[in-house]
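Novice: Keeping the supplied structure of chain A fixed, place chain B upon it in accordance with the hints.
As given, the protein sequences belong to chains A and B, one line each in that order. Read in order, the letters of the first sequence correspond to residues 1 to 805 in full-length UniProt numbering. Read in order, the letters of the second sequence correspond to residues 1 to 337 in full-length UniProt numbering.
Everything labelled a hint here was simulated from the structure, so no lab data went into it. Don't be surprised by glycine CBs; every beta carbon is placed ideally from N, CA and C. There may be inaccurate statements among the hints.
Claimed, not checked - Some but not every residue of chain A turned toward chain B, in silico, with C-beta under 7 Å:
#1 I7
#2 L8
#3 S16
#4 D280
#5 D282
#6 R326
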Amino acid sequence: MNKIVTILDSMDYGPSPEEDSHVRAWLTRHGGRFGQFIGGRLTKPDGTTFEVRNPADGELLAEVAEAGEAEVEAAVKAATSAFKSWSALSGTERARHLYAIARQVQKHARFLAVLETLDNGKPIRETRDIDVPLVARHFYHHAGWAELRDDEFPGHAPAGVCGQIIPWNFPLLMLAWKVAPALAAGCTVVLKSAEHTPLTALAFAELCAEAGLPAGVFNLVNGGGTTGALVAGHPGLAKLAFTGSTEVGRLLRRQTAGSGKKLSLELGGKSPFIVFDSADIDAAVEGVVDAIWFNQGEVCCAGSRALVQEGIADRFHAKLRARMERLRVGSPLDKSTDIGAVVAPVQIASIRAKVEAGVAEGATLWQPSWADEAFARATEKGCFFPPSLFTGVSPASALAQEEIFGPVLVSMTFRTPGEAVTLANNSRYGLAASIWSQNLDVAFDAARKVKAGVVWINSTNLFDAAVGFGGYKESGFGREGGREGMLEYLVPAWEKKARPVPAGKALPAPVPVDGDAGPGSVSASLDRTVKLYIGGRQMRPDSGYSYPVLDPKGRLITEAGWGSRKDIRNAVEAARKADAWSDMTGHARAQVLWFLAENLELRAAEFAARIDRMTGVGSKQATREVAASVARIVHYAARADKHDGRVRAPQGRMLALALPEPFEVIGISCPDEAPLLGFVSLVAPAIAMGNRVVVTPSQHHPLAACDLYQVLDTSDVPDGVVNIVTGDRDQLAVVMARHDDIAACWYAGSADGSAMVERESAGNLKATWVNHGKARDWHDPAQGQGEEFLFRATRIKSIWTPFGV
Amino acid sequence: MNARTAEPASGMATGLVRIEQPQARVEGVPFQADWFDAVDVNLSAVERRTATLGARRSVKKEWQAAWLVKAIQCIDLTTLAGDDTPGRVQRLCAKARHPLRDDLVEALGLTGRRLTTGAVCVYPTMVRTAVKALEGSGIPVASVATGFPAGLTPLEQRLAEIRYAVGEGAEEIDIVITRAHALTGNWQALYDEISLMREACGNAHMKAILATGELKTLTNVYRASMVAMMAGSDFIKTSTGMEGVNATLPVSLVMVRAIRDFLERTGQRVGFKPAGGIRAAKDALAWLILMKEELGRDWLDPDMFRFGASALLSDIERQLEHFVTGRYSSTDRHGMA
Numbered sequence: 001m002n003k004i005v006t007i008l009d010s011m012d013y014g015p016s017p018e019e020d021s022h023v024r025a026w027l028t029r030h031g032g033r034f035g036q037f038i039g040g041r042l043t044k045p046d047g048t049t050f051e052v053r054n055p056a057d058g059e060l061l062a063e064v065a066e067a068g069e070a071e072v073e074a075a076v077k078a079a080t081s082a083f084k085s086w087s088a089l090s091g092t093e094r095a096r097h098l099y100a101i102a103r104q105v106q107k108h109a110r111f112l113a114v115l116e117t118l119d120n121g122k123p124i125r126e127t128r129d130i131d132v133p134l135v136a137r138h139f140y141h142h143a144g145w146a147e148l149r150d151d152e153f154p155g156h157a158p159a160g161v162c163g164q165i166i167p168w169n170f171p172l173l174m175l176a177w178k179v180a181p182a183l184a185a186g187c188t189v190v191l192k193s194a195e196h197t198p199l200t201a202l203a204f205a206e207l208c209a210e211a212g213l214p215a216g217v218f219n220l221v222n223g224g225g226t227t228g229a230l231v232a233g234h235p236g237l238a239k240l241a242f243t244g245s246t247e248v249g250r251l252l253r254r255q256t257a258g259s260g261k262k263l264s265l266e267l268g269g270k271s272p273f274i275v276f277d278s279a280d281i282d283a284a285v286e287g288v289v290d291a292i293w294f295n296q297g298e299v300c301c302a303g304s305r306a307l308v309q310e311g312i313a314d315r316f317h318a319k320l321r322a323r324m325e326r327l328r329v330g331s332p333l334d335k336s337t338d339i340g341a342v343v344a345p346v347q348i349a350s351i352r353a354k355v356e357a358g359v360a361e362g363a364t365l366w367q368p369s370w371a372d373e374a375f376a377r378a379t380e381k382g383c384f385f386p387p388s389l390f391t392g393v394s395p396a397s398a399l400a401q402e403e404i405f406g407p408v409l410v411s412m413t414f415r416t417p418g419e420a421v422t423l424a425n426n427s428r429y430g431l432a433a434s435i436w437s438q439n440l441d442v443a444f445d446a447a448r449k450v451k452a453g454v455v456w457i458n459s460t461n462l463f464d465a466a467v468g469f470g471g472y473k474e475s476g477f478g479r480e481g482g483r484e485g486m487l488e489y490l491v492p493a494w495e496k497k498a499r500p501v502p503a504g505k506a507l508p509a510p511v512p513v514d515g516d517a518g519p520g521s522v523s524a525s526l527d528r529t530v531k532l533y534i535g536g537r538q539m540r541p542d543s544g545y546s547y548p549v550l551d552p553k554g555r556l557i558t559e560a561g562w563g564s565r566k567d568i569r570n571a572v573e574a575a576r577k578a579d580a581w582s583d584m585t586g587h588a589r590a591q592v593l594w595f596l597a598e599n600l601e602l603r604a605a606e607f608a609a610r611i612d613r614m615t616g617v618g619s620k621q622a623t624r625e626v627a628a629s630v631a632r633i634v635h636y637a638a639r640a641d642k643h644d645g646r647v648r649a650p651q652g653r654m655l656a657l658a659l660p661e662p663f664e665v666i667g668i669s670c671p672d673e674a675p676l677l678g679f680v681s682l683v684a685p686a687i688a689m690g691n692r693v694v695v696t697p698s699q700h701h702p703l704a705a706c707d708l709y710q711v712l713d714t715s716d717v718p719d720g721v722v723n724i725v726t727g728d729r730d731q732l733a734v735v736m737a738r739h740d741d742i743a744a745c746w747y748a749g750s751a752d753g754s755a756m757v758e759r760e761s762a763g764n765l766k767a768t769w770v771n772h773g774k775a776r777d778w779h780d781p782a783q784g785q786g787e788e789f790l791f792r793a794t795r796i797k798s799i800w801t802p803f804g805v
Numbered sequence: 001m002n003a004r005t006a007e008p009a010s011g012m013a014t015g016l017v018r019i020e021q022p023q024a025r026v027e028g029v030p031f032q033a034d035w036f037d038a039v040d041v042n043l044s045a046v047e048r049r050t051a052t053l054g055a056r057r058s059v060k061k062e063w064q065a066a067w068l069v070k071a072i073q074c075i076d077l078t079t080l081a082g083d084d085t086p087g088r089v090q091r092l093c094a095k096a097r098h099p100l101r102d103d104l105v106e107a108l109g110l111t112g113r114r115l116t117t118g119a120v121c122v123y124p125t126m127v128r129t130a131v132k133a134l135e136g137s138g139i140p141v142a143s144v145a146t147g148f149p150a151g152l153t154p155l156e157q158r159l160a161e162i163r164y165a166v167g168e169g170a171e172e173i174d175i176v177i178t179r180a181h182a183l184t185g186n187w188q189a190l191y192d193e194i195s196l197m198r199e200a201c202g203n204a205h206m207k208a209i210l211a212t213g214e215l216k217t218l219t220n221v222y223r224a225s226m227v228a229m230m231a232g233s234d235f236i237k238t239s240t241g242m243e244g245v246n247a248t249l250p251v252s253l254v255m256v257r258a259i260r261d262f263l264e265r266t267g268q269r270v271g272f273k274p275a276g277g278i279r280a281a282k283d284a285l286a287w288l289i290l291m292k293e294e295l296g297r298d299w300l301d302p303d304m305f306r307f308g309a310s311a312l313l314s315d316i317e318r319q320l321e322h323f324v325t326g327r328y329s330s331t332d333r334h335g336m337a
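Only chain A is shown next, with the shape it has when bound in the complex (with noise of 0.2 Å):
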């Protein structure tokens, strides 16, 4: 039978492949090998080689030299040379030069899709419809954050050099979500691109010289762990950008603690997919789709966790099962493949393992029809998984918790919303959520409960420039992409000249003082014991001890509780329980500010007497102290209904809400120096925003905030919202920095303290913000307050809702 007739008959798709003519030639033309981009020129591939394969056939596509201490050196040395005159650019002239890599990325956006296909295995539809043109994207919009910065951050300015470590999921958007926010900053950049994926880095390395851009700006390094641990410990950087994985994130948290560098950290999650007996079934199914088999399900945001209500589950799955029937695993190149290869042989391991673990442990595994031994064979020479789902899978396994980075649905089911906020909660994680439900009560009550940086309505996996993108939770902090994304390149301006806090006397032992300490002043009170405040009651601290708290000559005025982590533990249990501060109103807040703003002004002249027996500052700067402190109450009263986010338009007919969510718990560590203002100036943003927190205060000076306890109980504050635990500063702060139920710790004390704060906070990967032992000046108010303090106060929550009838 004729060709025609026979497909007559099949009506099968046939053969469909991209041409990738171009690309090769491109490969020959470098010979097959490459070496890093350093100061605006490739170097020459010379010593140690990795072999970069494509996934699909295991075909050798190139050699590139792995780059070492030299190089890694010489490209931050570039980077720091540059940032001088890269960053003394006008806004104008930066963006023009990112306009110019956008329109490079436009030009050869078919070569680019062609190479990104060839060298990670993901299907050309996707390269070609969705990760180029973000890219391009990525770009224009930092065009304009470049244009705009002065206006948009006045009093900031660029990080400096930035270190950037991309992974091999989405090489070349993940690279542009790193590079075009810092170029628009003023920042100048080392990237690290991932070891499986190196070739569109370079591509892209050889576009922006084309592009004119400066060199030195962006630098380019290839290679493994090795050579991102190089990056990571570089002391010549101001900023580290990581994506990949939360291990791996956990490291670079502790490596660079101490660094002064800034960080941020977009790492895994295992995102719940919800549909709800109120949705479109059809179009969850195609969500599914969209969710777990869009890059062979190699998302770091992928719906895996699906989660579907108990009524509907069989119909779903069985619509889900018919769907999968029809999927194409096969050739990246060819135009019909909808799941190509995963990007290297250890990955399919890894995944496979993970799958018959899953069976081993009980749960049912489906897999297409044609997901047979014949199947088996045809792709044996590449890196191919069929897309499979599990049902009957209990919260509690393996498969459910932690994330498989493959072609792989895990299905639950849950009986009412309130359950299926619980469930998809029921994670370390926190990086996306995809609900879906055609009634937006349903819906949007859910988006506001689900814990995840990025939550899709009745849509999954959209991305866009201006809409901010990170984590919750173990998935990581900072955000790309946004004004938002932004922040994450810029520091206060101020902050470059901040001088060292001074060194602290160490805290008195917590005995009873020795009569060397000479007598303080004979009170003809009764005795008053300065307890802890815990869940809106004065405690004894759990030790048993109190410490001295002395006046500048070293007299006794008073003992203060010797906290302990057992003291830290139940404040944050009292924390927890104060959840209703969290789901107030900004309004209702702020009349609970404005009241304790009241009655400290009431009390002026006894705090301010307080601290200058404390501090010895004399009774003017005490009185001003006390002022400023009931001014930058009102300040936050005034902040606290109005920090309300930012709604963006990313497609017709979709509104993206950039939603500003608290942390919950933050534990915060006062500084020594204004006992009161350091206090108020961090604990009142923090609770403004609806967090509710676990101080220590200042601990050479604890009074003024132990005083505050009638304060706060008198001016409505719900127990629990603020706890206080006096004693040794960084001891407890190791043990707020250890607390896995605490998602920010704030810490203004000492380089180490900060240090140690930061490292130790890498358990459950808090947002940590941190002074390096640099002082601020509480009583400027550039300084001391404002914006600043709600961005650390706050996530940013993306809310995709799609509309239309």
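Specialist: Leaving out everything else, chain B in the frame of chain A:
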């Protein structure tokens, strides 16, 4: 893995058994509002699916040629104009019998095989002319009826019109629904009306035109589809070709999914006919891809799928000549309808 091995690896269409015998009639089922009451179609999701469908699947070279031949076989070659004359209808029928130039048929290796359009579609008074002109070709004549296109003549007259067209020899009747029933949510009335029409059709197959461009919302489209199928429509069809908006992929997706749901519930297989505004060969491919992806191989033959079109054939002819000769073709090289 080589791209050429992708097809067997994908396993498409395995397990989807083709049914070769003539399409059984759709019997319909009693009216059941709970089959569609709770359905609420998400527009953005539908649009996203249809926007990416054409990018997810591609047919090239021989495959594209074969798919375009298939499209010809699925065309209801249509003339529905006030200036239709017997001569015009005869010309159309001649084209339906002989849709593609002989040299192209030969180059495609199809000489000696039956290659005609799926049907010819005309107004009731033109049915007799068409039947005569198509005698011996095996091409059925489809007639619009029931006060096409608005459907607002009295019910008795609409039913009489069906009987007239059937009496004239029409084997397929394309009825129009009363949009008011759908727009006011009077689904029972719609069901009753279509049931009567189905009865009037007798042995002629019935296609129910939903006039989706006037139903406006996709949820209405789904509900009307389901009601039309319950009432025994053999096909559901998007448009008369006279609405402001005619066949679109989003509307088609919703109707096709309704067909799938109806199949799941009843085991009855309903055909689909997009009509109006489909003029380009590329559009035809997009619809065929939609059918294959959402319903499967069985919906790629004229017994289950038709295009209501008049200009489409001309573009397909040009594309097929390009496939054969490698040169871009012009309209005047192909005999007109």
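Novice: Of all the hints numbered above, which does this structure not satisfy? Sort the numbers upward.
Specialist: Going through the list in order, the structure violates no hint and respects every one.
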